[in-house]
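K.L.:
Protein sequences appear in the order of chains H and E. Each residue of the first sequence is one higher than the one before, counting from 63 in the numbering used here. Each residue of the second sequence is one higher than the one before, counting from 189 in the numbering used here.
Keep in mind the hints are simulated off the structure, nothing from the lab. Treat the hints loosely; a few may be bogus.
Stated by the list, open to error - 30 Å max Cα-Cα, derived DSBU-like pairs, lysine-lysine:
no., chain 1, residue 1, chain 2, residue 2
1, E, K226, H, K168
2, H, K119, E, K232
3, E, K232, H, K168
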Amino acid sequence: GQNIDQPTEMTATEGAIVQINCTYQTSGFNGLFWYQQHAGEAPTFLSYNVLDGLEEKGRFSSFLSRSKGYSYLLLKELQMKDSASYLCAVLSGAGSYQLTFGKGTKLSVIP
Amino acid sequence: DAMVIQNPRYQVTQFGKPVTLSCSQTLNHNVMYWYQQKSSQAPKLLFHYYDKDFNNEADTPDNFQSRRPNTSFCFLDIRSPGLGDAAMYLCATSRRTGGEQYFGPGTRLTVT
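With the rest of the complex left out, here is chain E:
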């Protein structure tokens, strides 16, 4: 089935140790998004790609980077995770900017 896949579902990393979260999609959508969602809070957009055009939200920390090597894959790199970066990270896609977004199952990141 066409879908948005995130791996791993659960990730544990040490304070300051770089970590990469991955997302892939079989929907062939142009737009891919990364959100951070902390407990009982709204998902917060970190950045999005329209095709290879990268759009960073103004308040996204420099500690967060992203790569989209092709239409299907998008990666979230956290260069030096802090305890405050523990959260659920959601990947989403949409056919066009402003269209309905389809979410992956999320990766829950724990920082020890």
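Next up, chain H with everything else stripped away, as it sits in the complex:
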């Protein structure tokens, strides 16, 4: 089966750096996505990792270690608008290329 774990909630201060962790156990692996979802809105794509290492995109970076089944999303220079849920999703490759989402980490940015 598929299992994706991430913290339920986190709080961080405006201007700071926050790291959101995700661990996974899946049958097959074809990549890991991070999505941002504001309350009542659709998820929007942030990053995609399929090889080990760090992918940087502006204030957001994502890291993957396939051997450890681990990823993190790093948000720098936090802004109030970054308050949202962050969903880790793993693309498994058991013939169906299913994208399985974690429950999301609700990040609250405080002044």
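Assemble chain E onto chain H, guided by the hints.
P.N.:
Only chain E this time, still in chain H's reference frame:
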């Protein structure tokens, strides 16, 4: 702008009364997905189409059906909505299976 459009954004239906949610895309993507997301939970894949090839998830209830009459449109039919079907329904597309998925704004379904 190219995008994924869902109508309506909010839908209210009565218990047991069939309802159809619609999704259209201008991205010309091959794959379209329907997800169900309940409050504070992860989106759950119901089914997806690769072109006209329909793929149903094993645990998707029979109460949920889908149609994709052409590349641009995909519909979610709920034949007899129950109170437990109240949720946000998200449509997404991707150029290829396993590619980055682009989500529509979602339809929030309320069952009374």
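K.L.:
Would you mind marking each hint as holding or not holding in the structure?
P.N.:
For each hint, the structure was consulted:
Annotation: proposed proximity of E:K226 to H:K168 holds, straight-line Cα distance about 15 Å (limit 30 Å). With a C-alpha separation of about 27 Å, the suggested pair H:K119 and E:K232 falls inside the 30 Å cut-off, and the hint holds. A hinted pair counts as satisfied when its Cα atoms are at most 30 Å apart, and E:K232 with H:K168 qualifies at roughly 18 Å.
Of the numbered hints stated above, none is contradicted by the structure.
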